[in-house]
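The hints should help you fit chain B onto chain A, whose structure is shown.
These protein sequence lines are chains A and B, in that order.
16 is the number that my numbering gives to position 16 of the first sequence; each next residue is one higher, with no gaps.
19 is the number that my numbering gives to position 19 of the second sequence; each next residue is one higher, with no gaps.
Take the hints with a grain of salt, since some may be wrong.
Calculated lysine to any residue pairs in the SDA-like style (CA-CA distance at most 20 Å, straight line) [what the hints assert, rightly or not]:
no., chain 1, residue 1, chain 2, residue 2
1, B, K155, A, K67
2, A, K168, A, I130
3, A, K12, B, L208
4, B, K180, A, K67
5, A, K126, A, S38
6, A, K175, A, F185
7, A, K228, B, L68
8, A, K121, B, K180
9, A, K67, A, Y144
10, A, K131, A, G71
11, A, K228, B, K180
Quick look at which bits of chain A chain B covers, simulated, 3 or more residues with Cβ under 8 Å [stated by the list, open to error]:
no., stretch
12, 241-249
13, 256-262
Honestly, the hints are just simulated from the structure, not real lab data.
Fair warning: this is a prediction, and the values are worked out from it, not measured in the lab.
No residue lacks a Cβ here, since even glycine has one placed at the ideal position from N, Cα and C.
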Amino acid sequence: MSSTPNLTPITKIERKNLIELLNNGKRLDGRGLTDYRSFTIEKNVIEKANGSAQIKLGKTKVMVGIKVEVGEPFSDTPDEGVLMVNAELVPLASPTFEPGPPDENAIELARVVDRGLRESKALDLKKLCIKEGEKVFIVFVDIYVLDYDGNLIDASAMAALTALLTAKIKAYEIKNGELIYKNEFIPLPIQNYPIPVTFVKINNTLLVDPSIEEERVMDARLTLTIDKDGKICAIQKGGLKELTLNEIEKAVNIAVEKSSENRNKILEALNWEEQKR
Amino acid sequence: MLAAKPIKLINEDGLRVDGRKPNELRPLKLEVGVLDKADGSAYVEQGKNKILVAVYGPREAHPRHMGLPDRAVLRCRYHMAPFSTEERRSPAPSRRDIELSKVIREALEPAVISEMYPRTTIDVFIEVLQSDGGTRCAGITGASLALADAGIPMKDLVVACAAGKVDGKIVVDLCDLEDKYGEADLPIALMPAFNALTLIQMDGLLTLNEFYEALNMAKEACKIIYERQKQALKSKYYQIKELIETEGEK
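If we strip away everything but chain B, and leave its shape as in the complex, we get:
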């Protein structure tokens, strides 16, 4: 069943459908190294979004003519599981999936130092297990963690978040209902160390002032998630350190 449009997306107290303030993020869980076979992996929960990302590579390009002589080929697949949405979706890649795979790849390209691995491919697989709005952003946040987990040299982590307009108000990190029934959605991806945007898309209608307000809000949200990304990467190694220490005591 499709969720019906709520009468109000923002109530009298200025709170949103899920009780958040306009500039409040959804609960976020980031984990690194969650898959055994992948060279790098990450798991992201943002609101009801559940997303797994795996990175394989750098590995020899196959077939070999696919490789580039001066850099690694970055390959990216964004895919939504058939059971990830209200109504079952076909497992075949949709036009949306194909576009998103492209923009997500282009969001990661500026960060990866691909010149270090000529004639290889680096594969990024993003699997959306449950979708709750903002999956491309959560996918990018997870993908850069998985790349880092695979030990691939990067200029910076890439972190993504959307802002948008809902019931006339600019809000951050839109959930499914807000995305569907809101007036505008502006997803961005950022390399915070360089203050550089690696993805920016928008659909909806925004005046120039609203656009800059939303852009700023999304940017601030990215900086918060960026700190969480660094924590997630470190915590994997704290766990390993503890494991080694307890092993050593035996």
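Bound-form chain A, shown alone:
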């Protein structure tokens, strides 16, 4: 059952300060309303994973590991590989995270990242089929939140995309439906680069890439995931208050621009050969 959260209290003076700054188009850390905190992504941080990446978005740190296994396809998609996204809000990341099975926030985070990857067809699942109806590759994307300072969705999704782009599996050939590995590595079949842009609304002002303080006083949250062609592939609204249609329209325009900026940053850092696409 989902309950109204008992949010970490924020002092009245902090709240007042934050809102007064916002009314003048300013933020606590000096950013503009549509500025991201600077981010860096380190790749291949875990040798035992097929792919991995760690993002630092301001002080938020998220690690993503990719593991690829062979298993059975789902009965309704017998000729497609399987993509599984899971998120752990590890208790070391915040005083408010507790050990135990994923709560609704962890599940929402994983499902929003999943939706972006799945609906944009970032992974070509058809190419991950080994023998129709029997054997396919299962790609596990595990999101590990290490330090929580706001905007987990964008940090996790960008780290997940980087980890997928750099992941390697053993080259293979299929003889009579049997899988025979070769002694070299190939990348995963990636064909799209979805990037989410998360907004929060505070006192009728929209801002991107919320810090933890901004998330604490937010009225509503909106994530728009944009694919490489500027199409929308996933949307999620959160928070206790409403959004107007004007706000949605404004957010869409900003998201298209910001997602393309962040996508270029990621692909350039990776020297991705298809970055010009």
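Okay, now just chain B, sitting in the frame of chain A:
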């Protein structure tokens, strides 16, 4: 058995798998006060969807530390019956159910004036008895009726409906097949009096123009359902009025 993908989701005449036009809603039945023990309740049929909603509260938070000092705690459970889908589903809450419980709660929160009942909980139970696509929307439409039926003060009714893209066309109120095999699904929830969105989700691929077309279509559909919601609430009291009058004649 899983329903196979029909060859065409939209035929030569531009009609959909169930014969509807792109902007046509499914048959809708809304009833209020259908459960005896609940403080408020509602029943929704939208296409083959059959959904029961019960509201309990405001009641003392239990355990007491669960309560909040300045407002009521809204709790929401969205659940699908094991027999509600083609294949039996486990009665344990799935990850989808957990996410939907959260977004449905957040769709109702803006409407409920929870400051009036500090230290209490208001529980909303949504039970999907049969599912036919668009259950989160039908669940929200029913939940706001059940809240109103329980006499809980609200800024407005919340009404929800989805639009999406099927065979390249933007259509409203997607059924199961369209949801499964269509290209995009955009559920929204609206407080019509404020023109404010309390839920918006999307999966699929839409260009910006398609997105705005779908958003508009879903919004117009919400306004139609909103009128039906008000009728449903009133009709309960007309029934009571008639009952009292006939009793009085005896």
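Status of the hints after comparison with the structure:
A threshold of 20 Å between alpha carbons decides the hint, and for K155 of chain B with K67 of chain A the separation of about 48 Å lies outside it, so the pair is violated. For the proposed pair K168 of chain A and I130 of chain A, the alpha carbon gap of about 17 Å is at most 20 Å, so the pair holds. Restraint check: the Cα-Cα separation between K12 of chain A and L208 of chain B comes to about 40 Å, which exceeds 20 Å; the hinted pair is violated. The hinted pair formed by K180 of chain B and K67 of chain A fails the criterion: a straight-line CA distance of about 28 Å is larger than 20 Å.
Straight-line distance between C-alpha atoms of K126 of chain A and S38 of chain A comes to about 36 Å, which puts the hinted pair past the 20 Å bound. Proximity of K175 of chain A to F185 of chain A is assessed by CA-CA distance (about 18 Å); at most 20 Å being required, the pair is judged to hold. Pair hint K228 of chain A plus L68 of chain B does not hold up; C-alpha atoms about 44 Å apart against a cutoff of 20 Å. Distance restraint check for K121 of chain A and K180 of chain B: the Cα-Cα separation of roughly 16 Å lies within the 20 Å cut-off, and the hinted pair is therefore satisfied.
Only pairs whose Cα atoms come within 20 Å are accepted, and K67 of chain A paired with Y144 of chain A is accepted, the gap being roughly 13 Å. Distance hint between K131 of chain A and G71 of chain A is fulfilled; the C-alpha atoms sit about 10 Å from each other, no more than 20 Å. Among the hinted pairs, K228 of chain A with K180 of chain B is inconsistent with the structure: their alpha-carbon atoms are about 24 Å apart, more than 20 Å. Counting residues of the stretch 241-249 of chain A whose CB lies closer than 8 Å to any CB of chain B gives 7, so the stated coverage by that chain holds, three being the minimum.
Beta-carbon proximity to chain B at under 8 Å applies to 1 residues in the stretch 256-262 of chain A; the threshold of 3 is not reached and the given coverage is violated.
In terms of the numbered hints stated before, the structure departs from hints 1, 3, 4, 5, 7, 11 and 13, listed from lowest to highest.
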